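Starting from the given sequences, assemble the full structure and let the hints guide the process.
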Amino acid sequence: MSIERKGFRHLTEGSYPATRVVGKSVDKVDGYALVSGAPMYTDDIAARDFPNRLHGRILTSPIANGAIDSIDTSAAEALPGVRLILTWKNTPRTFYTTAGQGWPEPSPYDNQMFTERVRFVGDRVAAVFADSKDIAEQALRLVKVSFKEEPAVLDADDAMKPGAPIVHPEDPKGAYDSAHNIAAHVDINVGDVDKALAESEVTISETFQTHYAQHTPMETHTAFAYTDDMGKIVIVSSTQVPWHARRIVSRVLDIPMSKLRVVKPRIGGGYGTKQEILIDDLVAYGTIKTGLPCEIELTRKEEFVSARTRHPMKIDMSIGCDKQGHFRALKMYVLSNTGAYGSHSLTVMSNTGSKTLPLYNKATDVRFFGDAVYTNLPVSGAYRGYGATQGYAALECTIDDLAAKLGMDPIELRKKNMIRVGEGSPIFEALGEGRQGVAQTIKSSSLPTLLDLGAEAIGWQEKRGKRTRNGHKVRGVGMSMHMQGSGIPLIDMASASIKLNEDGSYFLTMGATDIGTGSDTILSQMAAEVLGVTMDKISALSSDTDLTPFDVGAYASSTTFVSGGAVVKAAKAVRNQVFAVAAEMLHEDLDANLVTAEPKVEWDNTQADPILSFYRMEDGNVVSVRSGKKVSVSDIAYRAYYEVNQRQIATTQSFVSPYSPPPFAAHFVEIEVDELTGKVEVLKYVAAVDCGVPINPDLVRGQIMGAVANGIGFALTEEYHFGSHGNMTNSSLFDYKILSRRDMPPTEVILVDTYEPTGPWGAKSVAEIGINGAIPAIGNAIFDATGIRLHRTPYTPERVLAALRSKSA
Amino acid sequence: MTISIMVNTVERSFDVQPDEVLLDVLRREGYLEVKGSCHSGDCGACTVLLDGRPVASCLILSAKADGHAVTTVRGIGDQAHPHIIQESFVKNGAVQCGYCVPGAITSAKALLDENPDPTEEEIRLAMDSNYCRCTGYEQQVEAVLDAAAQLRKGDKK
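As given, the protein sequences belong to chains E and V, one line each in that order. Going by the working numbering, the first sequence opens with residue 14, and the numbers climb by one from there. Going by the working numbering, the second sequence opens with residue 204, and the numbers climb by one from there.
Please note that the accuracy of each hint is not assured.
Keeping only pairs whose Cα atoms sit at most 30 angstroms apart, straight-line, the calculated DSBU-like set for lysine-lysine is [unchecked claim]:
#, chain 1, residue 1, chain 2, residue 2
1, E, K327, E, K429
2, V, K267, E, K146
3, E, K486, E, K418
4, E, K245, E, K302
5, E, K102, E, K161
6, E, K157, E, K102
7, E, K272, E, K186
8, E, K418, E, K820
9, V, K356, E, K19
10, E, K692, E, K418
11, E, K314, V, K267
12, E, K37, V, K356
Partial list, derived from the structure: chain V residues whose beta carbon lies under 8 angstroms from chain E [unchecked claim]:
#, residue
13, R230
14, C241
15, V304
16, R327
Per label pair, the in silico range of CB-to-CB distance [stated by the list, open to error]:
#, chain 1, residue 1, chain 2, residue 2, range
17, V, D316, E, K429, 36 to 42 angstroms
18, E, T303, V, K267, 34 to 40 angstroms
19, E, D168, V, S216, 55 to 61 angstroms
20, V, A352, E, G27, 34 to 40 angstroms
21, V, G357, E, D516, 33 to 39 angstroms
22, E, L554, V, E323, 49 to 55 angstroms
23, E, E436, V, K356, 49 to 55 angstroms
Worth flagging that the hints you see were computed from the coordinates, not collected in a lab. Note that the structure is predicted; figures quoted are calculated from it, not measured. Quick reminder that beta carbons are idealized off the backbone N, C-alpha and C, glycines included.
What follows is the structure, given as structure tokens:
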């Protein structure tokens, strides 16, 4: 396999079973609906089906820290058209976390629907439901709140200092040490890192600071609720985690799950921010209280100020090695700013180490430790990369500085120390997501090739260290290397159901939550491949807590690998049931154990599926391997449903894996620094990636391109600016600059795929890894061009210029 | 006040408030293919054609469209009869979450109506105000180049 066109190369390493549907860039199953603007997003459905719904708006705190002295809603309530006003006085007081994660929940229970305290500018104070958005907006202005303002913690560095204001005096359950503003703490040791550092011939220690940034999905958080004819509360929500949303809302509002349903329609982008239960509780409660459908659509400003952000981190990174560059010690300390609530505080911080340090498994002595601290600033949460992005910013820049110190080529230094096929790392086992991890051995990796092809594509040999100058502009090249995971091993569980229709088509329902990634498409491809049919024979429905089986949701780069595993198992199980009827019709023997045995994802990857020596699927028919006879699947369905030994041909299968095979990547960039203005321009970007078998190469390319675009924005332009009291001052897409079409540099994606034996059809994940490269690769390129090492992100003209001036001074 | 707008070649009249923007009126009247996002003219999701020119419908007062023609993405093509640009977006993997896509396709249509053979740079310029957070833009640009080539071929027939 080798595809080459401008901006995209797809090469292959290793041998593959032949496939018909998997590995092909088939049309996205929802593609034609989306390009014609079909009303499929949450607000579209609300507008179409519930024109008389109530509209909700949220009153947010103008101060960073303090108590609500009094709150008077009478004037607002008197406004015609106002139906309901919610405050801490008339809402459930359950403590919970807004983080939509598995159970038991690893984030502290530091949140209530409303509280008497406010903890950041943007915190919830009240919510209004009214007949129109305008009335709700007017009503917000009539709610009279008097605050008793208190000193605030506006810098993570101050949070643990003696005498610092305490963000959560109520000492929430699950917070590590709220008396010192520590939401979460982690400390894992392998060997004796301080001794190893002291004994190392060469050491380096640096500190990096990353910044507040946001996902900015084009569709803001939107949800509505209504009561169905049987009295059930139905929440339609732009969520990445329908089951976690149902579980959390059920607990907060004390509604039995039998009376609560969460439906996920099409989602206008998530990138992690919709792994958070931000408005689902409000619309459900509004509907319970008013009996009317209630909707909330966050404004863009609310999305910036009150939704979720990326944890800013200050990272101390130390490496010890010998003079030849063989790593011995890796020490990483993280101070993570979780903002006013501890959403994902422990797990994001854990990933900062667990998804980065195993990449350099030659180090024998490793310590990863950190504190996630509360501040009176916007709330951090899950964001594509999930802590690894910040970890790589520190690790990959420090490695380049170490290479300079050793007088070595940065690529050579990485090659000496990187993890290879057949190897593991003690970190995999020592550190999981907020708890102990699971030992892993790398079974597939094309990382050496990725480094070589990436270097070639950027022109590393010709350009590195040359500092080509054009007037006041100087060029440089830089690179970085990465791994991520494929779901959380032994934690993430997905399930899928498949049933056969009489015409030989199949209905696939799954909990896997397509948020725009194309998971409905690639999971249908996997099913079609197993079942020997074309894509039009698979009808897919994803994510409805009543209608589809369970899935943890769309996060942790889990869908392709974990949900894919469930779909492959379900397809194999339903296929085996079809084989059993075929055997009856052909009067052939088939061992019932082969039919009922739990199928394995790995079958046909590394070992033959035993049942395939009796029957196989071919173009909608079952073919007997022994007799060569054929019977159509449609005939099988008619017989099974209407004629003989009648039964439903259907199955539900689940998948949980002890493996989380990492995808790998090498990013390369060429930049030009304008020494007069400090502006950094990216001239070319190369992302070389191994994600196992790409189930749909065009969609894989899109995942990488989107992540790279977001990564470059994070590295160069995207940044929260704050006023004196922790108020964000650039909360619009005009003032917060994401990359536009003209800003996006020429970018080449090079896929060098491998066959991952534990993955569905050889696949690993790809969603997150692409966002991790831009900060270190561009930072390293700036270093190459100018000799300046920037320790704070983003690399804005102001910062670059200041560094250039202090260097020449 | 009552206004008349030719929406997707159909003459319609709407009762609107003087301060209502076109986006809100279109969505209220069932043109849900027009998506709202920033409501401040920054992102391009709500782009429609006003007499053939792309505008951010969140910034245009609906009264300004009185007596004019508005084309939404559904007026360009629908699922049963997709326009070549729409088909090309699907075929080139240019759609992920799809929320920006109606606006992006509408801008692309305006460009190709005026310039049937645009360069890559002209495409990026014409669609620069259409933000997309999913795709990194490249496949969308390729989709427009591809559609332009197909449309030119069609013209020659």
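Now for the hints, and whether the structure bears them out:
no., hint, result
1, K327/E / K429/E, "27 angstroms, holds"
2, K267/V / K146/E, "22 angstroms, holds"
3, K486/E / K418/E, "26 angstroms, holds"
4, K245/E / K302/E, "14 angstroms, holds"
5, K102/E / K161/E, "17 angstroms, holds"
6, K157/E / K102/E, "14 angstroms, holds"
7, K272/E / K186/E, "28 angstroms, holds"
8, K418/E / K820/E, "18 angstroms, holds"
9, K356/V / K19/E, "22 angstroms, holds"
10, K692/E / K418/E, "27 angstroms, holds"
11, K314/E / K267/V, "27 angstroms, holds"
12, K37/E / K356/V, "27 angstroms, holds"
13, R230, "6 angstroms, holds"
14, C241, "5 angstroms, holds"
15, V304, "6 angstroms, holds"
16, R327, "4 angstroms, holds"
17, D316/V / K429/E: 36 to 42 angstroms, "57 angstroms, violated"
18, T303/E / K267/V: 34 to 40 angstroms, "36 angstroms, holds"
19, D168/E / S216/V: 55 to 61 angstroms, "58 angstroms, holds"
20, A352/V / G27/E: 34 to 40 angstroms, "36 angstroms, holds"
21, G357/V / D516/E: 33 to 39 angstroms, "36 angstroms, holds"
22, L554/E / E323/V: 49 to 55 angstroms, "38 angstroms, violated"
23, E436/E / K356/V: 49 to 55 angstroms, "53 angstroms, holds"
Hints 17 and 22, counting from the list given before, are not met by this structure.
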